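First to last, the protein sequences are chains A and B.
With the working numbering applied, the first sequence covers 1 to 195.
With the working numbering applied, the second sequence covers 1 to 207.
In case anyone wonders, no lab produced these hints; they're calculated from the structure.
Just so we're clear, the structure is a prediction, and the values are computed from it rather than from any experiment.
Be aware that one or more of the hints could be misleading.
[To be verified] List time: in silico BS3-like cross-link candidates among lysine-lysine, alpha-carbon distance up to 25 Å:
1) K11(B) to K20(A)
2) K74(B) to K14(A)
3) K20(A) to K58(A)
4) K33(A) to K26(B)
5) K11(B) to K123(A)
6) K33(A) to K74(B)
7) K185(A) to K11(B)
8) K33(A) to K20(A)
9) K74(B) to K58(A)
10) K138(A) to K123(A)
11) K85(A) to K11(B)
12) K20(A) to K74(B)
13) K33(A) to K14(A)
14) K33(A) to K58(A)
15) K85(A) to K74(B)
16) K123(A) to K26(B)
17) K185(A) to K123(A)
18) K14(A) to K58(A)
19) K33(A) to K123(A)
20) K20(A) to K26(B)
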Amino acid sequence: MQPETSSDQALVEKVQQGDKRAFDLLVVKYQYKVIGLIGRYVQDRSEALDIAQESFIKAYRAIGSFRGESAFYTWLYRIAVNTAKNYLVSRSRRPPESDVELDNEDVFSVYESLTDIATPEAKLNSDRLEESINQAIKNLPEELRSALTLREFDGLSYEDISLIMDCPVGTVRSRIFRAREAVEKHIHPLMDAGE
Amino acid sequence: MAALNDHSLDKCSSLSAMFDGEATQKDVEYLLNADSGELSRQLESFHLIQQTLHKDSKVAVGLEDSLVLGIRAKIEAEDLANESVSADNNLIPFVFPSEKANVKASRPAWKIMFSSVAVAASVTFLVILGGNVVLTPDAASLNVIADVQSPATNNAVISLAELKKDRPQVDNVRLQNYLRQHAEQASMTVGQGMIPMARVVSYPVKE
Chain A
1 MQPETSSDQA
11 LVEKVQQGDK
21 RAFDLLVVKY
31 QYKVIGLIGR
41 YVQDRSEALD
51 IAQESFIKAY
61 RAIGSFRGES
71 AFYTWLYRIA
81 VNTAKNYLVS
91 RSRRPPESDV
101 ELDNEDVFSV
111 YESLTDIATP
121 EAKLNSDRLE
131 ESINQAIKNL
141 PEELRSALTL
151 REFDGLSYED
161 ISLIMDCPVG
171 TVRSRIFRAR
181 EAVEKHIHPL
191 MDAGE
Chain B
1 MAALNDHSLD
11 KCSSLSAMFD
21 GEATQKDVEY
31 LLNADSGELS
41 RQLESFHLIQ
51 QTLHKDSKVA
61 VGLEDSLVLG
71 IRAKIEAEDL
81 ANESVSADNN
91 LIPFVFPSEK
101 ANVKASRPAW
111 KIMFSSVAVA
121 ASVTFLVILG
131 GNVVLTPDAA
141 SLNVIADVQS
151 PATNNAVISL
161 AELKKDRPQV
171 DNVRLQNYLR
181 QHAEQASMTV
191 GQGMIPMARV
201 VSYPVKE
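Modelling step: build the complete structure from the supplied sequences, incorporating the hints.
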């Protein structure tokens, strides 16, 4: 079993036993992906948030019947897509002809299609943020930058990166985390200003 | 303080691992005890970094824990509503008279039909039995002298034994007697009852 599937399954089992905090964690983990997915169906941010909320509530209500035959996100993905489609039908709007592919969904921007980012101010913030992130990544020590880019660009697992970089998996994990932490510190003032 | 920082470091490290789908059971335990708002903020920055590296559009949306809190509040509100409904179901419900018809309607149709037929049959049986008792003169009653008092007959006394010879006349007298008594009773309670009484007493009695 993949680590992600394993950790998700552990959280799902906790939710099934009545642990609501475990469900909070699943929401925290997948909220951006789900909003990004729903953003392919509706353009309005508040609508997307409402649909995301409804999708998570549906998932919570149905989680007792989730047996782990598929990955949790695959299951959640179906709920979110169906909820978004039903929402469009209820508003007499036509859902897209084809669904967002689950495999390709990851590469979509979380918010790229949501209308309220298209304002000039939002665009400016977005450009500044991108510049800042790129600058921060350039400034990273080599081993941190390599670990992060191998993970983000190539989508390699920690184990594969450890083989490439010839270091323990724990070290890979630590390097990726430290790289993110450094970038986050760099962009933190911009994120606060954007809120 | 150092321990706190280590703990916080562990949480962030665990979150990074979870973001990559590499979280272990221990990571999950750490994260379960963390503040969801803090985790959301951290995850948002991880997403932004990822989007930049993928050359996607970026924006800081600032979800923080608003979605988590909204979902939790809604779930708890629904749970509370469900609990109060189930508690209400445990009480014996009071049914308003206007609602009784609906309650009856919920019974099976065959039960309703059967009970209606049974009631109708009972009423019919009692009416027939009562009619036989009242209208059939028995041996004892034949010896009774019926007082037929009316303004018209003026204290005339007729023996039923004598009347037996002419049965239709006896029946006529009995009917007149019954009608008069009924009209008198009615006139005592309602003013309008005087009218039928006046009619009854004016009926000619065949001698």
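Hinted pair K33(A) and K58(A), Cα distance within 25 Å: holds, 16 Å
Quickly compare the C-alpha distance for K85(A) and K11(B) to 25 Å and report which way the hint goes. The hint is violated at about 36 Å.
Proposed proximity, K74(B) with K33(A) (alpha carbon, max 25 Å): Holds, at about 21 Å.
Are K33(A) and K14(A) close enough, with their CA atoms no more than 25 Å apart? holds, 22 Å
Restraint status (C-alpha distance of K11(B) to K123(A) at most 25 Å): violated, 32 Å
Hinted pair K33(A) and K123(A), Cα distance within 25 Å: Cα-Cα ~21 Å, so holds.
For K20(A) and K26(B), compute the direct alpha-carbon distance and say whether it is at most 25 Å. It holds: about 18 Å lies between the C-alpha atoms, which stays within 25 Å.
Is the hinted pair K33(A) and K20(A) satisfied, with a Cα-Cα distance of at most 25 Å? holds, 20 Å
When you check the alpha-carbon spacing of K20(A) and K74(B), does it fall within 25 Å? Roughly 13 Å separates the two Cα atoms, so the pair holds.
Against the 25 Å threshold, does the CA-CA distance of K138(A) and K123(A) hold or violate the hint? holds, 23 Å
Given the hint that K20(A) pairs with K58(A), test it: the Cα-Cα distance must not exceed 25 Å. Status holds; Cα separation ~14 Å.
Does K74(B) pair with K58(A) here, judged by a C-alpha cut-off of 25 Å? Holds. K74(B) to K58(A) sits at ~11 Å (cutoff 25 Å).
In the structure shown, a violation is registered for the earlier hints numbered 5, 11, 16, in ascending order.
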